[in-house]
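Asks: Respectively, the protein sequence lines represent chains B and Y.
Going left to right, the first sequence walks through residues 52 to 219 as this note's numbering numbers them.
Going left to right, the second sequence walks through residues 244 to 430 as this note's numbering numbers them.
One or more of the hints may lead you astray.
[Stated by the list, open to error] Here are the computed lysine to aspartate or glutamate pairs in the EDC-like style, where the Cα-Cα straight-line distance is at most 20 Å: (1) Y:LYS298 - B:ASP214; (2) Y:LYS257 - Y:ASP280; (3) Y:LYS265 - Y:ASP324; (4) B:LYS193 - B:GLU106; (5) B:LYS204 - Y:ASP334; (6) Y:LYS314 - Y:ASP334; (7) Y:LYS314 - Y:ASP332; (8) B:LYS195 - Y:ASP334; (9) B:LYS204 - B:ASP214; (10) Y:LYS388 - B:GLU131; (11) Y:LYS265 - Y:ASP280; (12) B:LYS193 - B:GLU158; (13) Y:LYS414 - B:ASP137; (14) B:LYS204 - Y:ASP332; (15) B:LYS195 - Y:ASP332; (16) Y:LYS414 - B:GLU131; (17) B:LYS195 - B:GLU72; (18) Y:LYS388 - B:ASP139; (19) Y:LYS414 - B:ASP66; (20) Y:LYS388 - Y:ASP262; (21) B:LYS102 - B:GLU134; (22) B:LYS218 - Y:ASP334; (23) B:LYS53 - Y:GLU299; (24) Y:LYS414 - B:ASP139; (25) Y:LYS388 - B:ASP66; (26) B:LYS193 - Y:ASP353; (27) Y:LYS257 - Y:ASP394; (28) Y:LYS328 - B:GLU216; (29) B:LYS60 - B:GLU103; (30) Y:LYS388 - Y:ASP353; (31) B:LYS193 - Y:ASP334; (32) Y:LYS388 - Y:GLU299; (33) Y:LYS388 - B:ASP137; (34) B:LYS218 - Y:GLU354; (35) Y:LYS257 - Y:ASP290; (36) Y:LYS314 - Y:ASP280; (37) B:LYS218 - Y:ASP324.
[Unchecked claim] To give an idea of the interface, some chain B residues facing chain Y are shown, with a C-beta separation under 8 Å as derived from the structure: (38) LYS53; (39) TYR69; (40) CYS71.
These are calculated hints, taken from the structure and not from any lab test.
For each residue, glycine too, the CB sits at the ideal point set by N, CA and C.
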Amino acid sequence: MKQVAIIAKGRGWVDAPYNCETWGITQLLIRRPVDLVIDMNVYEDLRWGKKEALENKMVMLMCKTSHIPYIGLNNYPLSEIMEQFDTDYFGGTIEYAIALAIYRGYEVIDLYGINFKLNSEYGYQKPSIDFWCGVAKGRGIKIKSHGDSLIMKTIDGLIYGYDTEQKL
Amino acid sequence: MRRVNIVGTGYGWKDAPYDKGKVWSITSLILSRPEVDMVIDMNVYDDLRWGEVEKEHNDRVLHICSMENIKYVGLNNYPLDRVRKSFPDIDYFTSTVSYAIALAIHMNFDEIHLYGINMTFGTEYAQQKACADFWCGVALGRRIKIIAHGDGCSIMRAFDGMMYGYDIPQKNQVIAGGVRLKPVSGN
Numbered sequence: 052m053k054q055v056a057i058i059a060k061g062r063g064w065v066d067a068p069y070n071c072e073t074w075g076i077t078q079l080l081i082r083r084p085v086d087l088v089i090d091m092n093v094y095e096d097l098r099w100g101k102k103e104a105l106e107n108k109m110v111m112l113m114c115k116t117s118h119i120p121y122i123g124l125n126n127y128p129l130s131e132i133m134e135q136f137d138t139d140y141f142g143g144t145i146e147y148a149i150a151l152a153i154y155r156g157y158e159v160i161d162l163y164g165i166n167f168k169l170n171s172e173y174g175y176q177k178p179s180i181d182f183w184c185g186v187a188k189g190r191g192i193k194i195k196s197h198g199d200s201l202i203m204k205t206i207d208g209l210i211y212g213y214d215t216e217q218k219l
Numbered sequence: 244m245r246r247v248n249i250v251g252t253g254y255g256w257k258d259a260p261y262d263k264g265k266v267w268s269i270t271s272l273i274l275s276r277p278e279v280d281m282v283i284d285m286n287v288y289d290d291l292r293w294g295e296v297e298k299e300h301n302d303r304v305l306h307i308c309s310m311e312n313i314k315y316v317g318l319n320n321y322p323l324d325r326v327r328k329s330f331p332d333i334d335y336f337t338s339t340v341s342y343a344i345a346l347a348i349h350m351n352f353d354e355i356h357l358y359g360i361n362m363t364f365g366t367e368y369a370q371q372k373a374c375a376d377f378w379c380g381v382a383l384g385r386r387i388k389i390i391a392h393g394d395g396c397s398i399m400r401a402f403d404g405m406m407y408g409y410d411i412p413q414k415n416q417v418i419a420g421g422v423r424l425k426p427v428s429g430n
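Okay, chain B solo, but in the shape it has when bound:
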C-alpha cells in the first residue's frame, strides 16, 4: 500500500506517525521532520506578516540543507493536475497536497492536524478540503482525517434527516 500522512499545524499534528511517508504543510517542518514540504502561499509581499515570511525562509533553508523536497507555487504540477481532475477548485495548501497525493497514486492518505472550527479563520477552507477528500474517495483511495477534525463531518455529528450518529 502506497501511503502518505499529510500533516498540518493544527491540534493533533503530534499524533502523526514517523514510520511512513510524511508531508508537512507550510512550516510544520520546524516542529518535526517530514519527507516533503508543501506550501502554496505567497510570502514576498508580506501578506501573511513578517513572522510567517521568516519561518518560510527558515523552512526553505532546512529543506535545502537536508535535501527535503519543497513544493511551492513555482514547481507544483498545476496544469497536469488540473487536466487530470478537470477542476480549478483549490482553497489552500492542504487541498493542493491532497490533489498531489491522489495524482501521485497514493492508496492511503491520512490527514493530521486539520481540526479548525467552522467559525475560525480556517473555516472557509472546509468545503474545498471536503471536495478533495471526495475526489479521493471517488477514486477508491482510503482517506481519513484523524483527531477531532470536522473534515467529512456534519456540524452536529448526525446524518441529516435520519438523525443517526455519524460513525465513519
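Chain Y: place on chain B using the hints.
Replies: Below, chain Y alone, put in the same frame as chain B:
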C-alpha cells in the same frame, strides 16, 4: 450519455433544461416547475421544525406526485442501504442535495448538472456547501461529469472565486454578497 439535472429552488432553477436528461426536483421545486421526473426531499416536516408553510408546501408536493405518478423519494424510501453499499466508507450527508448527488452517482449517471443550488456564503445553506462539494468530489473522482450552473452558485467555488496562491480567477467565480472575503493568515 445518461444525464440528470438536479434542480433546487434557488436562483437559477429556470435555466434547467426541459429536453436534456432526467430532472430531479429538490424539495418543493415541483411547485414552480411541474415538469420533473422525480422529487427528492429528505426533510422532516411532521414536527413543524421547518414551519407550517414548508409543511403545507410538502403536502402539496406529495399530492401532486401522487396525482401525476411522479416518483417521490424521502426518508422512508431513499435507498440508503444500497447507496451506503456503493460508498461503504461514507456516512456524510447534510442536506437533500447531498443525498440527491449520492443517488445520481449510485445510479450511474454519466453527467450530473446542478441548477438553482447556490448555497451562498453567509446564508443558512452555507454549512451545507462543504458536504455538497464533497459529493461533487466523489462524482469527479468516479470520472462523472458534474457541473454546477449559475453565476450565484458557490458549489465547487472558493469563497473569493480565486485559485488559492496563484490568484487566478476560477472559471465561474462567485463573490459572496459582492464582497471578497479574505482569510487572515496563510494556510
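Asks: None of the hints should be skipped; say for each whether it holds.
Replies: Verification of the supplied hints:
1. Y:LYS298 - B:ASP214: holds (19 Å)
2. Y:LYS257 - Y:ASP280: holds (16 Å)
3. Y:LYS265 - Y:ASP324: violated (23 Å)
4. B:LYS193 - B:GLU106: violated (32 Å)
5. B:LYS204 - Y:ASP334: Distance of about 9 Å is within 20 Å: holds.
6. Y:LYS314 - Y:ASP334: violated (24 Å)
7. Y:LYS314 - Y:ASP332: Not satisfied, since the Cα-Cα distance of roughly 28 Å exceeds 20 Å.
8. B:LYS195 - Y:ASP334: holds (13 Å)
9. B:LYS204 - B:ASP214: The given pair, whose Cα atoms are some 13 Å apart, holds under the 20 Å limit.
10. Y:LYS388 - B:GLU131: Distance ~18 Å between LYS388 of chain Y and GLU131 of chain B Cα, so the pair holds.
11. Y:LYS265 - Y:ASP280: holds (6 Å)
12. B:LYS193 - B:GLU158: Holds, at about 6 Å.
13. Y:LYS414 - B:ASP137: holds (11 Å)
14. B:LYS204 - Y:ASP332: holds (13 Å)
15. B:LYS195 - Y:ASP332: holds (10 Å)
16. Y:LYS414 - B:GLU131: holds (17 Å)
17. B:LYS195 - B:GLU72: holds (15 Å)
18. Y:LYS388 - B:ASP139: The given pair, whose Cα atoms are some 14 Å apart, holds under the 20 Å limit.
19. Y:LYS414 - B:ASP66: Violated, at about 38 Å.
20. Y:LYS388 - Y:ASP262: Holds. LYS388 of chain Y to ASP262 of chain Y sits at ~18 Å (cutoff 20 Å).
21. B:LYS102 - B:GLU134: Not OK: LYS102 of chain B and GLU134 of chain B at ~35 Å, beyond 20 Å, violated.
22. B:LYS218 - Y:ASP334: Since the Cα atoms of LYS218 of chain B and ASP334 of chain Y sit roughly 7 Å apart, the hinted pair holds (cutoff 20 Å).
23. B:LYS53 - Y:GLU299: Measuring from Cα to Cα gives roughly 53 Å; hence the hint is violated.
24. Y:LYS414 - B:ASP139: Given that 20 Å is the threshold and the Cα spacing comes to 8 Å, the pair holds.
25. Y:LYS388 - B:ASP66: violated (37 Å)
26. B:LYS193 - Y:ASP353: violated (24 Å)
27. Y:LYS257 - Y:ASP394: holds (13 Å)
28. Y:LYS328 - B:GLU216: Given pair LYS328 of chain Y, GLU216 of chain B holds - Cα atoms ~18 Å apart, limit 20 Å.
29. B:LYS60 - B:GLU103: holds (13 Å)
30. Y:LYS388 - Y:ASP353: It holds: about 6 Å lies between the C-alpha atoms, which stays within 20 Å.
31. B:LYS193 - Y:ASP334: It holds: about 14 Å lies between the C-alpha atoms, which stays within 20 Å.
32. Y:LYS388 - Y:GLU299: violated (36 Å)
33. Y:LYS388 - B:ASP137: Satisfied, since the Cα-Cα distance of roughly 9 Å is no more than 20 Å.
34. B:LYS218 - Y:GLU354: violated (30 Å)
35. Y:LYS257 - Y:ASP290: Measuring from Cα to Cα gives roughly 31 Å; hence the hint is violated.
36. Y:LYS314 - Y:ASP280: holds (7 Å)
37. B:LYS218 - Y:ASP324: holds (15 Å)
38. LYS53: violated (17 Å)
39. TYR69: violated (24 Å)
40. CYS71: At 20 Å from the nearest chain Y Cβ, CYS71 of chain B fails the 8 Å test, so the hint is violated.
Against the hints set out earlier in the document, violations occur for numbers 3, 4, 6, 7, 19, 21, 23, 25, 26, 32, 34, 35, 38, 39, 40.
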